[in-house]
Amino acid sequence: MGGWFKPLALAFCAAPILLLGAYDSNLDFPLFGSVKIPLLYTALVVFMIPIMGNTINSIDVLNGVASGFTTIASFALSICLFILQNYEVGIICLCLSFASLAFYKYHKFPSKIFPGDSGAITFGAAYGAIAIIGGVEVIAAIAILPAIINSFLFLSSVKKIVEHREIKNPTSHTDDWKLQTTSENHAPITLVRLLIAKKPLSEKQIGTEIFKLAIFSGILAIITSFMMGVNI
26 MGGWFKPLAL
36 AFCAAPILLL
46 GAYDSNLDFP
56 LFGSVKIPLL
66 YTALVVFMIP
76 IMGNTINSID
86 VLNGVASGFT
96 TIASFALSIC
106 LFILQNYEVG
116 IICLCLSFAS
126 LAFYKYHKFP
136 SKIFPGDSGA
146 ITFGAAYGAI
156 AIIGGVEVIA
166 AIAILPAIIN
176 SFLFLSSVKK
186 IVEHREIKNP
196 TSHTDDWKLQ
206 TTSENHAPIT
216 LVRLLIAKKP
226 LSEKQIGTEI
236 FKLAIFSGIL
246 AIITSFMMGV
256 NI
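This note's numbering applies: residue 26 is where the sequence shown begins, and numbers increase by one.
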């Protein structure tokens, strides 16, 4: 699938949400309360699912990362939804959590199965849809901050939407098969490249570091959910 095809195709996934009216046009922020943006929110729904899908897909560069990251983020989001007493959507989010956890069992290093672009995008799109239906867009974004930062770094260095196979590899292997940063000047900046900037790491070690960041972001999301009822 080409670089532009995936986000455009994912935009159509927002159609059922819009047609069924399964969303609230209020965008909730911690401390500042709700902002009512009916027309702007419709555009947000259309853009959010492609963004979430491609954000999770962009971090799917190592064995087990996409499924493990989705598991951590969706469990954190489920807790947030229960804190906000949105039990129905919280249970739906738990379904995504356990589905991604089951996939992780076979996707973790060394992988026996691979999700590919379609699988990773499905994880992200489902996560985005749950965030919209549950009205927890800001909290959901906080829970996947490492993946968002990875996408931002990638796009800011490449400066266009491209298929990842079309770009220079940002890493290379050492003699003992650890990953190290490449000397290629035009290689994109990514989260993995930042993690191995100090010293080479094995694929399993990098995955562990990414999961630590995911857990930290999940904790921040949970803290944010407690702050949703607080106004300044």
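Calculated directly from the structure, the hints in this document are not laboratory data. From the three backbone atoms N, C-alpha and C, an ideal C-beta is built for every residue, glycine too. Be aware that a few hints might be false.
DSS-like cross-link-like pairs, simulated, lysine-lysine; straight-line CA separation at most 25 Å [said to hold, decoys possible]: (1) Lys237 / Lys130; (2) Lys237 / Lys203; (3) Lys31 / Lys61; (4) Lys224 / Lys237; (5) Lys229 / Lys130; (6) Lys133 / Lys224; (7) Lys61 / Lys133; (8) Lys223 / Lys203; (9) Lys223 / Lys130; (10) Lys203 / Lys224; (11) Lys133 / Lys203; (12) Lys237 / Lys133; (13) Lys223 / Lys137; (14) Lys237 / Lys137; (15) Lys237 / Lys223; (16) Lys229 / Lys137.
Between beta-carbon pairs, the in silico distance windows are [to be verified]: (17) Tyr112 / His211: 43 to 53 Å; (18) Ser143 / Leu65: 54 to 64 Å; (19) Ser197 / Phe107: 19 to 29 Å.
Task: Numbers of the earlier hints that this structure fails to satisfy, in rising order - done: Checked against the structure, the hints that fail are numbers 3, 7, 9, 13, 18, 19, while the rest are satisfied.
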